[in-house]
Amino acid sequence: MSLLDIQDYRLAFDTFDGTLHVLDGIDLSLEAGETLGIVGETGCGKSVLARSLLRLNPEPPARVVSGSILFEGEDVLHLPERAMRRLRGRRVAMVFQDPVSYLNPLLAIGTQMEDAIRGQESALGKSRRPRSAIRAQAAELLASVGLPEPQRLLASHPHQLSGGMRQRVLIAMALAGNPALLVADEPTTALDVTVQAQVLALIAGLVKERGLALMLISHDLGVVAASCARVAVMYAGTVVEEAPTAALLANPRHPYAQGLIAAVPDLDNPAHKPRGIPGSIPNLMTPPTGCRFNPRCTLATDICRSDKPMLRELAPAHRVACHHAQP
Amino acid sequence: MFLYLLRRFALAGLMLFGLVCLTFIIANIAPADPAALAAGPDAGRSQIEQARREYGLDKPLPEQFLRYVTDLAHGEFGRSVASGRSVGRDLARYFPATLELCLVAMTIGLIAGISLGMLSALFKDSWLDHITRIFAVSGIALPPFWFGLLLQLGFAVWLGWLPTSGRIGVSTEPPDPITGLLLVDSLLRGDGALFGQSLSHILLPAIVLSLPCLASILRVNRSEMVEALRADYITAARAHGVAPWRLVTVHALKNAMLPTLAIIGLRWGWMMSSTVLVETVFDWPGTGLYAVSSAIAGDFKPVMGVTLIVGLNFMLVNLVVDLLYGVLDPRLRDA
Amino acid sequence: MAASRGLRLAAWHLSRSFASMLGLVLVTAIVLLALLGPWIVPYPDDVAGSVSLINKLKPPSAAHWFGTDEVGNDILTRVIIGARLSLLVGIGITFAAAAIGVPLGILAGTAGGAVRETIMRVTDLFLSVPGLVLAIALVAALGPGIVNAMIALVLVWWPGYVRLAESKALSIREEPFIEAARVAGAPSLRILWRHVLPNSLSPIIVKMSMDIGQAILAVASLGFIGLGAKPPTPEWGAMISIARGYLPDWWWYAICPGAFIYASVLGFNLLGDGLRDILDPRSNRG
Chain A
1 MSLLDIQDYR LAFDTFDGTL HVLDGIDLSL EAGETLGIVG ETGCGKSVLA
51 RSLLRLNPEP PARVVSGSIL FEGEDVLHLP ERAMRRLRGR RVAMVFQDPV
101 SYLNPLLAIG TQMEDAIRGQ ESALGKSRRP RSAIRAQAAE LLASVGLPEP
151 QRLLASHPHQ LSGGMRQRVL IAMALAGNPA LLVADEPTTA LDVTVQAQVL
201 ALIAGLVKER GLALMLISHD LGVVAASCAR VAVMYAGTVV EEAPTAALLA
251 NPRHPYAQGL IAAVPDLDNP AHKPRGIPGS IPNLMTPPTG CRFNPRCTLA
301 TDICRSDKPM LRELAPAHRV ACHHAQP
Chain B
1 MFLYLLRRFA LAGLMLFGLV CLTFIIANIA PADPAALAAG PDAGRSQIEQ
51 ARREYGLDKP LPEQFLRYVT DLAHGEFGRS VASGRSVGRD LARYFPATLE
101 LCLVAMTIGL IAGISLGMLS ALFKDSWLDH ITRIFAVSGI ALPPFWFGLL
151 LQLGFAVWLG WLPTSGRIGV STEPPDPITG LLLVDSLLRG DGALFGQSLS
201 HILLPAIVLS LPCLASILRV NRSEMVEALR ADYITAARAH GVAPWRLVTV
251 HALKNAMLPT LAIIGLRWGW MMSSTVLVET VFDWPGTGLY AVSSAIAGDF
301 KPVMGVTLIV GLNFMLVNLV VDLLYGVLDP RLRDA
Chain C
1 MAASRGLRLA AWHLSRSFAS MLGLVLVTAI VLLALLGPWI VPYPDDVAGS
51 VSLINKLKPP SAAHWFGTDE VGNDILTRVI IGARLSLLVG IGITFAAAAI
101 GVPLGILAGT AGGAVRETIM RVTDLFLSVP GLVLAIALVA ALGPGIVNAM
151 IALVLVWWPG YVRLAESKAL SIREEPFIEA ARVAGAPSLR ILWRHVLPNS
201 LSPIIVKMSM DIGQAILAVA SLGFIGLGAK PPTPEWGAMI SIARGYLPDW
251 WWYAICPGAF IYASVLGFNL LGDGLRDILD PRSNRG
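Protein chains in written order, with my numbering: chain A, 1 to 327; chain B, 1 to 335; chain C, 1 to 286.
Check the hints yourself; a few may be wrong.
[To be verified] Ranges between beta-carbon positions, derived for each pair:
1) B:R331 x A:A197: 28 to 38 Å
2) C:G113 x B:T70: 26 to 36 Å
3) B:L3 x C:A259: 46 to 56 Å
4) A:Q198 x B:L3: 34 to 44 Å
[Stated by the list, open to error] Interface residues of chain A toward chain B, partial, derived using beta-carbon atoms under 10 Å:
5) L56
6) P58
7) L87
8) G89
9) Q112
10) M113
11) S122
12) H159
13) Q160
14) S162
If you are wondering where the hints come from, they were derived from the structure by calculation, not from laboratory data.
Just so we're clear, the structure is a prediction, and the values are computed from it rather than from any experiment.
Note that CB positions come from ideal geometry on N, CA and C, so glycine has one too.
Please model the complete structure; the sequences and the hints are all you need to start from.
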């Protein structure tokens, strides 16, 4: 049994103007201790997918159309709210994009950590521990993500911290319940370049040290390549290609994945001019039939406009959803 | 923070001076001759002139103003023409009644407004939300004096559950004031019967007074809660496993309270305004009733005294609100 | 699930527009009553104040829907006639206050410096005394009566418009298109007239709609405590003040005028709310 197994997951958003088909049949799985990166443009549904694992998308407007998300064999989509609370923060933890807006500006760091720890423990039905024990655990967590003077930090407020420190605090909070899976949604996008590397290194270190499974979501192929063994490329709510990182970078099969890699500037070879992909992402209210990439694809033929391509395994562990991809 | 406080206090001092100027100007735009008023209706020419000299009304305006300010600094608000009593002493007697009424009304407004606003936001677009929304608009539109009469009619006359008017029963001797707030004084003396009596008397006027305040606290708190519940930090806290109850009552509410606090400061002023009407309806012996009866009698000093006291009180409340901002928002503390 | 959500969404939109529609209906009704009053009232003779003591203080009946008052006049007739006075006074106060406050506010917001400081401090001063208390002080100085009550309320109301117009003018001054107009050499008065005023109009219109209701309430309040219109003027607040003397035995006397005050204030508030949703959707409520 895989740690996480997503099968044919479809999610829609009901808006007043119509239904947005945000996720269209996602199939992905993750083993314990494995690292998976998910790349795609803004709006491809990768953040929505990440939030689905903890059912954080507000329903309504979000609505599950079909499929299942099995975490340790339990279907997250059909768990009652109480059971969900046992999962959140304890089995699956999450790190978010912008550390400024994801910390409560009015509460001290210590209070926020304390509430998270207490909430998880009460969901498990554990008896109430004294405040000092919880504070000590919080301080330990802060120290474990490399923050100096954890005691002083507990008493301070978010605005007194730098962006990198805030992200570390959020990571420490995510680790509070000793999770099996860490979901990181664009954890470095809002940070300075120099801090980005530190935070990525921290996450990689924690994953190794604690044997965590990691799902890292990013629009930046470089970030994902540096930290994940496997990569899935998403386009307009579908997974178009999934492969071991090295294989994907060296030999992308899906036209969109090829375009994505060609669009990355190469510092070692300035002669290489990054190329963009012509066209723009489709309107998810009326997505193209067949392959959702077909309006932008140079290889598109009639079958691409009529039939949705399924993920096929073309090489060992290398799956592609394209009618024209050959083994 | 220290500079912020210093600036805030300096501003309050400036406003206080302005308030004194304002009342002085209003007093001097009166078409009636204040000396004639002071001397009484039957006074002859010489008596009026004597009154003019006695009150210093023959002096040039700047000198009169100086005297006005020094008198105020000594707590001297002048004398009521109608009763001959010291306005300062009258205010000391009436103001606690008004303050008590406003405090009880604000408590009702805060508790009901915040909890209904919170529920409304949690069950957004449900029937509960719709009902509270209609209730909120009505609360601002209901004429307080008319609503007061209706409540009197319903609860005091027809049902006989509560007394019609006054602060305590007519046959009850009012106790010597400790704080002047009857509810507090009766508790301090351990007099349960008196406490019950004051509570039953204050209930109807306080409800009438609280309604507009309740309504606007509800509206602001609802929209701010809706906003706060959507915020990223709430999503994150949920992901980290914070208990739902704590999420709403601490993490979201604290953020929603900042704008709510601003409204509370403003509404305190509205409430002080409405005491004029509510005290008239319920014969509540406070500054509102005092101002109205004096204004009708053309008795000028008491009205100015009430204006000053109410303005001063409004200023102090807003000062407290500003300080509370600093307590609630750590970002302000460091600024 | 999907269907029920769709229904609820539709109901929500309906109820939103329902509230605004109700406001519009109420305001239209009050305006019609004010315009047509003398021609549609059931007892036109009672308008001028005839006395018919046989009919005094009759309970509601088919002939007198809301009963009769202490001199035998039909209460409904007098309340309908009162609509004209209340509406005129409410509109008059609001427009006069806006006419004083808006230019001062725009001036303060665009001129800046000492001019702004002076205007805003004076404004703050007027706002530092709760409205009705200040109005009573002013009426006490000027003497009771409906005209003086109006003057007092205008003096109480104008600072709110200064605040609003100033904040709008300040924020618009920073906009690139004003900068562009200034660079292009447009004279500042022209900039004020062509750019700042139209762009601050929406919140001012919303505030005015709300304020007409509040002004009607304030005039009735002053009438009720005996500092506004004097009986036998058919003013709603003054009528309630008399009716109060006939409580609790002749309780219906107070019902009708109060209900009309409530309906008109509610109408203007709902209309203002609806206008805000259309004109100024981002602003804060309260």
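Hint by hint, here is what the structure shows:
{"no.": "1", "hint": "B:R331 x A:A197: 28 to 38 Å", "in the structure": "29 Å, holds"}
{"no.": "2", "hint": "C:G113 x B:T70: 26 to 36 Å", "in the structure": "34 Å, holds"}
{"no.": "3", "hint": "B:L3 x C:A259: 46 to 56 Å", "in the structure": "53 Å, holds"}
{"no.": "4", "hint": "A:Q198 x B:L3: 34 to 44 Å", "in the structure": "36 Å, holds"}
{"no.": "5", "hint": "L56", "in the structure": "6 Å, holds"}
{"no.": "6", "hint": "P58", "in the structure": "8 Å, holds"}
{"no.": "7", "hint": "L87", "in the structure": "8 Å, holds"}
{"no.": "8", "hint": "G89", "in the structure": "3 Å, holds"}
{"no.": "9", "hint": "Q112", "in the structure": "7 Å, holds"}
{"no.": "10", "hint": "M113", "in the structure": "9 Å, holds"}
{"no.": "11", "hint": "S122", "in the structure": "6 Å, holds"}
{"no.": "12", "hint": "H159", "in the structure": "5 Å, holds"}
{"no.": "13", "hint": "Q160", "in the structure": "7 Å, holds"}
{"no.": "14", "hint": "S162", "in the structure": "15 Å, violated"}
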